[in-house]
Amino acid sequence: ELKVEQNPLFLSMQEGKNYTIYCNYSTTSDRLYWYRQDPGKSLESLFVLLSNGAVKQEGRLMASLDTKARLSTLHITAAVHDLSATYFCAVGTIGGSQGNLIFGKGTKLSVKP
Amino acid sequence: DSGVTQTPKHLITATGQRVTLRCSPRSGDLSVYWYQQSLDQGLQFLIQYYNGEERAKGNILERFSAQQFPDLHSELNLSSLELGDSALYFCASSPSTGSYEQYFGPGTRLTVT
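Read top to bottom, the protein sequences are chains A and B.
Each position in the first sequence, counted from 1, maps to that position plus 5 in the working numbering.
Each position in the second sequence, counted from 1, maps to that position plus 36 in the working numbering.
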């Protein structure tokens, strides 16, 4: 059974600081997703990582994937208050269907002035 | 705005009742996915349809059923509702080929009293 673990689950940061969220998964996968969710809102797609060594950056967020270690990271650079949200990683299962996204529990990020 | 629409936005009903949630995918997307988000279980994949046919099944209760119609909209039917069914239900859609992206709708918040 595919399991996805995120850590930390809660993260309180000061503006201007850097930090990394980790996402480990238990079995081989060919797709790794990062989503952002604001309270009471839908999921906003941030990144889709499809290959070992993939790195994608958007603004202050950078995601990477190491399929051999079954690890993805979401790095936050010089955090600002607007980044406060819950961040989910999700892993897709191998083969066939594009469905079956398995989500981590989410990391609730709070950026304080 | 992802282009995926869901109705209703909010639904309050009593235990034992039956409700139907509706989803319209993005124009041209053939795949529709249903997810449940609750405090206890987190984000869970329920079921996927592709062009009218069931493609994959996740942790969907027997009291729940879904279908996708010829115009590609989908409905999730929840029956014999229990307090524990209170959750945010998301629909997502994806293109038929090429992209691995899943685009999430705004969700339906179901409260069972």
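These are calculated hints, taken from the structure and not from any lab test.
One or more hints might be untrue.
Unchecked claim - Some but not every residue of chain A turned toward chain B, in silico, with C-beta under 7 Å:
id, residue
1, PHE15
2, LEU51
3, ASN57
4, VAL60
5, HIS80
6, LYS110
7, LYS113
8, VAL116
To be verified - Calculated Cβ distances over 12 Å to all of chain A for the following chain B residues:
id, residue
9, ASP37
10, VAL40
11, THR49
12, THR51
13, SER63
14, GLN77
15, LEU79
16, GLN103
17, PRO106
18, LEU119
19, LEU124
20, PHE126
21, ALA128
22, GLU137
23, GLY143
Even glycine gets a Cβ: it sits at the ideal position worked out from N, Cα and C.
Of all the hints numbered above, which does this structure not satisfy? Sort the numbers upward. The structure conflicts with hints 1, 2, 3, 4, 5, 7, 8, 9, 10, 14, 15, 19, 20, 21, 22 and 23, although it agrees with all the remaining ones.
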